[in-house]
Structure formats: structure tokens, C-alpha cells
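Taking the hints into account, I'd like the entire structure generated from these sequences.
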Amino acid sequence: AQKITQTQPGMFVQEKEAVTLDCTYDTSDPSYGLFWYKQPSSGEMIFLIYQGSYDQQNATEGRYSLNFQKARKSANLVISASQLGDSAMYFCAMREANYGGSQGNLIFGKGTKLSVKP
Amino acid sequence: GAVVSQHPSWVICKSGTSVKIECRSLDFQATTMFWYRQFPKQSLMLMATSNEGSKATYEQGVEKDKFLINHASLTLSTLTVTSAHPEDSSFYICSARASGRMGTQYFGPGTRLTVL
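For the record, the sequence lines run as chains B and A.
The first sequence maps to residues 1 to 118 in this note's numbering.
The second sequence maps to residues 119 to 234 in this note's numbering.
Keep in mind the hints are simulated off the structure, nothing from the lab.
Here the structure is a predicted model, which means the values were calculated and not measured.
Backbone N, C-alpha and C fix where the C-beta goes; we use that ideal spot for every residue, glycine too.
Don't take every hint at face value.
As the list claims (entries may be wrong) - With a straight-line Cα cutoff of 27 Å, these simulated DSS-like cross-link-like pairs (lysine-lysine) come out:
1) K159(A) / K73(B)
2) K159(A) / K117(B)
3) K132(A) / K184(A)
4) K182(A) / K3(B)
5) K73(B) / K3(B)
6) K182(A) / K110(B)
7) K110(B) / K132(A)
8) K3(B) / K159(A)
9) K70(B) / K117(B)
10) K113(B) / K159(A)
11) K173(A) / K159(A)
Stated by the list, open to error - From the derived model, a few chain B residues whose C-beta atoms are all more than 12 Å from chain A:
12) S28
13) Q69
14) S87
15) F91
16) I107
17) K110
Said to hold, decoys possible - Partial list, computed: chain B residues near chain A (C-beta under 10 Å):
18) I4
19) Y37
20) Q39
21) I46
22) F47
23) Y50
24) R95
25) L106
26) F108
27) G111
And the structure:
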């Protein structure tokens, strides 16, 4: 079974509108972290936001917020006021504190390609 | 966020030659570094994990004699692709993480390797 599932291969959003990128995860580890990364066409993976499994509040970083629903095992990324520069691939990732192999390496989803239309 | 550099950003080499890629954490000490490979339109595939001063841990299916990893210091890890072949052409990305299990990983800009 996939540990990280991103069901949207591609998404379009109008400039200045908000968009939600879906991510669900599967783990039995009570301690884990969830991450979102942006990969523009240049290839660099840019860290956006982090949510710990024990965090009581949803993480926010500027225009990025993470809609963390622990019972549903979902960690959707919300981008508010989309900009043309937001067009990129977005990857959801998870690290399990206790059960992760390779000393807790990141497990990535397959990504969602976001295109922002002017 | 923390800065990770990677050099070179792209390299073209002839089949049979070896290529070394350097990964440096510029503003923090990275006890653990990771090497990934990414094919076009796919997600990142972990190749190996290295801890400073010890042997790298390779993922299943990754040839350790072909992809030599050295993590000589807390700020430098190198990946050497030995006797490269065209099928080794790919985008290689390193990542560095500070101490602590839930530490965020920061990624280098990647190296695009083309083997002719």
C-alpha cells in the first residue's frame, strides 16, 4: 500500500484564487511528520511547510497552510492568492519517527502539477 | 531556510567514465545526508542515506559499487557514479538534515547527468 497518496496529477487555478492540493497518508507510527515541497521547472526541491503528528494547530507559512485532519489521515496544502510563480510540481512527504527505514527518510507522494492561469 | 549546494549543476560525460557530485550544507551541520534520483515526471527515489563518518546505507536495488557515497564531514557528502552508462542519465538530488529525527530535510538544486 502507498504510504503517501496524491490523487491529483494536475491542477489548474486562476491567478489570485486559492487552491487545495490533496494528500493522504498511511502509517501506524504515532509519531510522524508531514512535509510539503515545491519543485519548479529548475528542479530544486523547496521546503514549504511542516506539520508534526502531535501539533494541535494547523501549520501556516505565509500563503501556505496545511489542513491537517489526523483522523482522516489527510494533510492537504492550501495556497491562498495564487501567483504565476506558484506553477510547479508539489510533493507531499512523510517521515515516521519510529518505523521509518533508513533512519527515518522521507517518503514522497507522486506529486501534483499545479498550473496558475493569468 | 537552510541552504544546501550541489556541484556541478549539470554534467555530460562519455560512457565508461566516472562522475563525482558534491553536496554541501552551507549554514548548518548535517549529520545525515540523502541521495535521490529522479526520472522525468516522476517522484524522487531514495538511493542511499549517509551519516558522517560511517558507511552509507543503500536502498534495495541500488548498486553500492556503482554509486559510491562518501560523507567525510558534517557539511560535505559526495556521490560518485562509477563507469557511467547511458541508463545512469538522470537528475540526482542531495538532501541534508540536521540532528533530530523530525528535522526538516533541505535539498540541493540537483545535478543533471547525461551519459553519452
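Okay, the hints, checked on the actual structure:
1. K159(A) / K73(B): 26 Å, holds
2. K159(A) / K117(B): Holds. K159(A) to K117(B) sits at ~21 Å (cutoff 27 Å).
3. K132(A) / K184(A): 16 Å, holds
4. K182(A) / K3(B): With a Cα-Cα distance of about 26 Å, the restraint between K182(A) and K3(B) holds, given a limit of 27 Å.
5. K73(B) / K3(B): 11 Å, holds
6. K182(A) / K110(B): Holds, because 25 Å separates the two Cα atoms, which is no more than 27 Å.
7. K110(B) / K132(A): This hinted pair is violated, its Cα atoms lying about 31 Å apart.
8. K3(B) / K159(A): 19 Å, holds
9. K70(B) / K117(B): Distance of about 32 Å is beyond 27 Å: violated.
10. K113(B) / K159(A): Holds: K113(B) and K159(A) sit about 9 Å apart, inside 27 Å.
11. K173(A) / K159(A): This hinted pair is violated, its Cα atoms lying about 31 Å apart.
12. S28: 17 Å, holds
13. Q69: The claim holds: Q69(B) sits with its nearest Cβ about 20 Å from chain A, beyond 12 Å.
14. S87: 15 Å, holds
15. F91: 6 Å, violated
16. I107: Incorrect as stated: the minimum Cβ-Cβ distance to chain A is 9 Å, not above 12 Å.
17. K110: At about 5 Å from chain A, K110(B) fails to clear the 12 Å cut-off, so the statement is violated.
18. I4: 9 Å, holds
19. Y37: Holds, because the Cβ-Cβ distance from Y37(B) to chain A comes to roughly 7 Å (cut-off 10 Å).
20. Q39: With a minimum Cβ separation of about 9 Å from chain A (threshold 10 Å), the hint on Q39(B) holds.
21. I46: Hint on I46(B): holds, closest Cβ of chain A at ~8 Å, below 10 Å.
22. F47: 5 Å, holds
23. Y50: 6 Å, holds
24. R95: 7 Å, holds
25. L106: 6 Å, holds
26. F108: The hint holds - F108(B) has a Cβ within 10 Å of chain A, the shortest such distance being about 5 Å.
27. G111: 6 Å, holds
Of the numbered hints listed earlier, those contradicted by the structure are 7, 9, 11, 15, 16, 17.
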